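2 protein chains.
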Amino acid sequence: MPDSTLKKAVVLVSGGLDSATVLAMARAQDFACHALSFDYGQRHRVELQAAARVAAALGAVEHKTISLDLGGIGGSALTDAAIAVPEEGGEGIPVTYVPARNTVFLALALGWAEVLAAQDIFIGVNAVDYSGYPDCRPEFIAAFEKTANLATKAGVEGRPFHIHTPLMQMSKADIIRTGQHLGVDYAITVSCYQADELGRACGRCDSCRLRREGFIAAGTVDPTPYAADRP
Amino acid sequence: MPDSTLKKAVVLVSGGLDSATVLAMARAQDFACHALSFDYGQRHRVELQAAARVAAALGAVEHKTISLDLGGIGGSALTDAAIAVPEEGGEGIPVTYVPARNTVFLALALGWAEVLAAQDIFIGVNAVDYSGYPDCRPEFIAAFEKTANLATKAGVEGRPFHIHTPLMQMSKADIIRTGQHLGVDYAITVSCYQADELGRACGRCDSCRLRREGFIAAGTVDPTPYAADRP
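Same order as they appear, the protein sequences are chains A and B.
Just so we're aligned, residue 2 is where the first sequence starts under my numbering, counting upward by one.
Just so we're aligned, residue 2 is where the second sequence starts under my numbering, counting upward by one.
In isolation and in its complexed conformation, chain A is listed as follows:
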């Protein structure tokens, strides 16, 4: 049963490694965590099943999935079947960038937080291994937080929101070590942009590459189920 004396937080949970770690960190700070995921037409739908597993395993009070049709907007390899997921790193902002994704996700998290009377929102953005997405940078988060406090009844009435980004300055190896210390089972998470229907990772896309390198750098076993037996 939820402990009603705890402060509530909305935690964005994608089903990946980073957001699972964030949820564990928010729980370790004694927040009652309301996990939020999005069904936005992403290719990697198995991540929604992973999100549900992660929310349950790490003690979220509840888990909500909001459907929204970002596929109708298009413009990203993650939502548009006509754009291939790249399998090696390149320069600049990659085609897996989803236009305004974190702005949309944080806006919806903000709406739910206000309804819950929560003032804390956690998101697993990272400025180190961030794949070049502009909406993962500290200056974006700071601007969004300011906007949130001007946008809402709670903000205007003196109950300001705080956007927590505990992974912002951590390397992937630090994130993995922190999560393992907090008991996160990374075998239940899915990071791959094109995981198969069993949740097995391709081992080749940007997200797999960053994850794999992270486990190597952390000096720990990579529990990721890969589709093929690749090194």
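Derived from the structure by calculation, the hints contain no laboratory data.
Some hints could be false.
Note that identical chains are pooled: a pair holds if it fits in a single copy or bridges any two copies.
Below, computed lysine to aspartate or glutamate pairings styled on EDC-like, alpha-carbon distance capped at 20 Å [said to hold, decoys possible]:
id	residue 1	residue 2
1	K65	D40
2	K154	E140
3	K8	E158
4	K9	D121
5	K8	D31
6	K154	D223
7	K65	E140
8	K154	D121
9	K9	E63
10	K8	D40
11	K8	E198
As the structure is a computational prediction, the values presented were derived from the model and not from experiment.
Position chain B against the provided structure of chain A, taking the given hints into account.
Leaving out everything else, chain B in the frame of chain A:
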């Protein structure tokens, strides 16, 4: 056929009086207008039919409706059947406030604008007759615009977005006069928070009251279809 030499804009069109006027104003500024509406579980669903009529009548290039389940979040008389729509004005922020609504809508408009390579977004917010919603104020719009330009590939690469709020400082009467000058037929718009299935207004909610007073102040005929023959 759309004129491809025109600058593109995304225009938020709710089906109401204000956004219809904004669309007419954007067209008068020679923008190729991509109209965007949201099916967010609002009570006043007939406004979506009105939005389609408005987009067609006022020469939008296309009209897209994005579905998202704000009803799952709750917290507003507009999306939660358990909260009654008030029929007289009160103090403070009313229960018709939808948490973070304009932040969510602008975030999705931003995503679509980036895909379209449009740099201009129009929204019919108004700081005069604004019903007390915090996300209708100029400081919110300025903060969102700044966030948008930090959030996006286009913003980072030097193609900044501009959020246009042409109604911001206009009275309802000014808005009506401007729209009528530009040929807007307000009979096809629906402002009422609880319009019936034929699109007829209740004549009593906040939104009806502001609209009715606007036509009186503009000294022009109110073409709104009302459900009952009320003064």
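Structure-based check of each hint:
Taking the shortest Cα distances, K65 and D40 sit within 20 Å of each other both inside one copy (10 Å) and across copies (19 Å). Only between protomers do K154 and E140 lie at most 20 Å apart by alpha-carbon distance; the minimum there is 14 Å, versus 24 Å within a single protomer. In this assembly of identical chains, the alpha carbons of K8 and E158 lie at most 20 Å apart only when taken from the same copy (18 Å versus 39 Å across copies). Only within a single protomer do K9 and D121 lie at most 20 Å apart by alpha-carbon distance; the minimum there is 7 Å, versus 37 Å between protomers.
For the identical chains of this complex, K8 and D31 are intra-copy neighbours only, at 7 Å inside a copy versus 50 Å across copies, given an alpha-carbon limit of 20 Å. Proximity of K154 and D223 under a CA criterion of 20 Å is satisfied in neither setting, with 45 Å inside one chain copy and 32 Å between copies. For the identical chains of this complex, K65 and E140 are neighbours neither inside a copy (28 Å) nor across copies (31 Å), given an alpha-carbon limit of 20 Å. For a Cα distance limit of 20 Å, the shortest separation of K154 from D121 inside one copy, 15 Å, qualifies, whereas the shortest one across copies, 27 Å, does not.
In the homo-oligomer, the alpha carbons of K9 and E63 lie at most 20 Å apart inside one protomer (11 Å), although the nearest pairing across protomers, at 41 Å, exceeds that limit. For a Cα distance limit of 20 Å, the shortest separation of K8 from D40 qualifies neither inside one copy, at 27 Å, nor across copies, at 32 Å. When the C-alpha separation of K8 and E198 is checked against a cutoff of 20 Å, the pair qualifies neither within a copy, at 37 Å, nor between copies, at 42 Å.
Of the numbered hints given earlier, the model fails hints 6, 7, 10, 11; all others are met.
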